[in-house]
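Asks: One line per chain: the protein sequences are A and B, in this order.
Residue 142 in our numbering sits at position 142 of the first sequence, and the numbers go up by one each step.
Residue 327 in our numbering sits at position 327 of the second sequence, and the numbers go up by one each step.
Any given hint could be a false lead.
Heads up, the list lumps identical chains together, so a pair's fine if it works in one copy or across two of them.
Stated by the list, open to error - Below, simulated DSS-like cross-link-like pairs (lysine-lysine); rule was C-alpha separation at most 25 Å, straight line:
(1) K97 with K27
(2) K222 with K408
(3) K32 with K408
(4) K103 with K452
Everything labelled a hint here was simulated from the structure, so no lab data went into it.
There are 2 protein chains.
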Amino acid sequence: MMEAETTTKDIDKVMNNAWKAFHEYRKLPLKKRADFMRAMAVALEEGGDTLLEIAVSETNLPLARLRNERTRTAFQLTSYADACERGNWLEATIDTKHDENNKPLPGLRKMQVPLGPVVVFGASNFPFAYSTAGGDTACALAAGCPVIVKAHPAHAKTSDWVADIILQTARILNLPDGIFTHVHGGNETGKQLVQHPYTKAVGFTGSFAGGMALYNFANQRKDPIPVFAEMGSVNPVFILPGKIREDAETLAKNMAVSITLGSGQFCTNPGLMIAIKSEELDRFMSLLGEQIRLTEPATMLHPGIYNSYVEKREIALSQAKVETVAVAEHDALGNQGTPTIASVDAAAFIQNNLLHKEVFGPYSLMIQCDNLEQMQAVALSIEGQLTASVMATENDLHENVLLIESIKNICGRLVLNGVPTGVEVCQAMHHGGPFPATTDSRFTSVGADGIKRFSRPICFQNWSNDFLPEELKNENPLHIYRTVNNVLTKDPLI
Amino acid sequence: MMEAETTTKDIDKVMNNAWKAFHEYRKLPLKKRADFMRAMAVALEEGGDTLLEIAVSETNLPLARLRNERTRTAFQLTSYADACERGNWLEATIDTKHDENNKPLPGLRKMQVPLGPVVVFGASNFPFAYSTAGGDTACALAAGCPVIVKAHPAHAKTSDWVADIILQTARILNLPDGIFTHVHGGNETGKQLVQHPYTKAVGFTGSFAGGMALYNFANQRKDPIPVFAEMGSVNPVFILPGKIREDAETLAKNMAVSITLGSGQFCTNPGLMIAIKSEELDRFMSLLGEQIRLTEPATMLHPGIYNSYVEKREIALSQAKVETVAVAEHDALGNQGTPTIASVDAAAFIQNNLLHKEVFGPYSLMIQCDNLEQMQAVALSIEGQLTASVMATENDLHENVLLIESIKNICGRLVLNGVPTGVEVCQAMHHGGPFPATTDSRFTSVGADGIKRFSRPICFQNWSNDFLPEELKNENPLHIYRTVNNVLTKDPLI
């Protein structure tokens, strides 16, 4: 682990070690990778309250929330470890014929292999789950890639502590030195890490500006590398007429919780709501406003995020036709973000690109439409999102097929009658979405399919059984699913 | 279809049509997409010799070769159509619990959906298989994306003809107008197509310069889009000591054929050979030289490619320490490329980056190494490749594990005791590789897995069965493989 700003020479040493480790680590059986990840999960939980208290002191997040987050992080590690061993992500594919004695011929056999060292930039809002031992690290390790984490400066001590846990686990399991490295530093360190010749991919969770900077660094390389940057979004919630008539109270309660959860510091925070002007909408807004006014402000992650919230909120509220609907009544202290709801009419929203941008914090803007056509126009004007939600009765859904299709087209996850906050870790989860939600809509950063970000196919042509990797041998010794002559099967080739 | 240079206004019209078509086409059942592709395949073959003769006149390729290529193109269309319907590429994934009556709850359900209109730039060397109705078009259509093909100027008439076949097939099947568009134009047209807001992905097969230009155009967009550019490579062939001792005659014969096949105009042409200095190598070179001297030069695709070959060959041959080993004895006429073999010692090769670059044509360079360590150094110095081949006995393989690992790391397809030319169309094929072979090593441009380039996941959270797409409904009406609670199955959810 390195303290203070990492120098160019240090980075070269780090990346050389990672490169060396790569050649050993990628040859380890899947089970060894999985065992490493499981041991990390156990060691992380063993960090006990001491570790949690460090995180509390750095992030201002409540202990209970951080405890849950650490459990989630451990769960990610073990469930991706299971997926790593299960091996579906390897997409083992065999096309082969048989010889005159009906023995399988070598033919063509394909599987995923790791890309190489992956540089991970953690998120300020998830000191455990999307940081040092978080989702990107877990996916890269499962794929067979060494990981270099640049500590988030806002929780550098937590990151140090977690890094120690990982390094110690690696040592106990006799894993190659360089399989995991933790570095500190600023933008220049980040740039050098992304542009080092031995870096083969980048994982990032954070702001649009941060993600795009890394993306551009990667594209300036002599050999561009893939960057998966999850850059947040405004997660529009479309509230259809039937639903608002039927269920305004519950809706208002649920939306208020989702908007203010964790002081709004989630990439899935619902920053936009869209509904049609009506008495029911007025009622909903008044119910939602009540909830917001009663919400106690909570301290934000760090002064930078707080100041940015204050500034962006103020700018948003000062835009033409934007009206402040409700503000939390409790005085905000220190770095507490004030829960706020505003409203604007659809025409003004469509014309003003600034209103489409994320105000990271406990803030949401209701877009009031004249009719369904205008709601559709709003949907078409919104850029790529991690999530979109539809609050609708069955009848609403039947009557708004085109609108739903348009909404589907801008998001990675489409929620029906639920809030966007709360990202379950499971294989069917997709946490990604069209640009600018991420830099590559084809991949997810939550769920075991995130492993695929850091692997690529290799095809073995005409290799005799003895020299093939276990994954592709006739006997299928790992007992994994493989596509053999277009059929998915666990059967050996005989 | 548009003649001559396409204007900005035309492009806007084309892309608007494609965008409109996208919203209809992506909703069609997989079977309709597959039927369209199968009908295209039939219509293509029905183009008869007239179509082949146009292609002969534009490309100078032999009629028999073009007939085979067209059959391959039809096979691509039908086999990707089959894969489209089989639906494994959808990666349908369901995580769900059951209620108290043991009925499946909505939960989270994920599948691939199309990205949007795809712009395809065909290859000069494959007027059918990697052009208008080629692999990229087939993959995009299977994924549910409308396609806009920019005709390759070197075979614009063939392209027109094939485009007419596609358009007529689409009309007969009543498919949305704008599902396929054929445009002509130069670099500016290409740039405008890549940068149009409605373009969501790009497929390209061709030169490094061409691919990188498109890649950079795409990254300059406000919303960068994925570009899959297959930019060729030098396909190194590592000949190990045991093999060259055992089998020099056959090796020489096979290498000569592979080097000169189609006048060397394949992206899998073996442009580099690597072996260890020895009497056996001298013998191999003399055998190979004999074969090359007897090879009849063939006319290249067009004057541009011929001139480039002449120029690059001359520059390569004039580099320090490069010796010309053999040149075809028949006089080259008109635009015929002269088959040529050269030789250089490993140290000179490693130092001279120019020698690492493709000389597109019937040319190959033997890198002579002092020993296995130097062969390993050569392997480490070579950049990303579509393929690498290893000519080896079992003993060679046992004794060179590290070398094989290094070679594996630079290529997309690893051939044992075979030449790299000849790319089978099947699911286990991987035609891709680390940069600069392609702009994204995680995808293939041959085989049905190429469909994944043009799709992205979407996750449906809490959607009741009635409103889910067929692919994700409890009943599994399409009878596709799905990962349900981490288990691959075709079973319905009950």
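Asks: All hints are to be evaluated individually against the structure, with a verdict given for each.
Replies: Structure-based check of all given hints:
1. K97 with K27: neither (28 Å within a copy, 37 Å between copies)
2. K222 with K408: between (37 Å within a copy, 21 Å between copies)
3. K32 with K408: between (40 Å within a copy, 21 Å between copies)
4. K103 with K452: neither (33 Å within a copy, 32 Å between copies)
Figure legend: structure checked against the earlier numbered hints; hints not met, in rising order: 1, 4.
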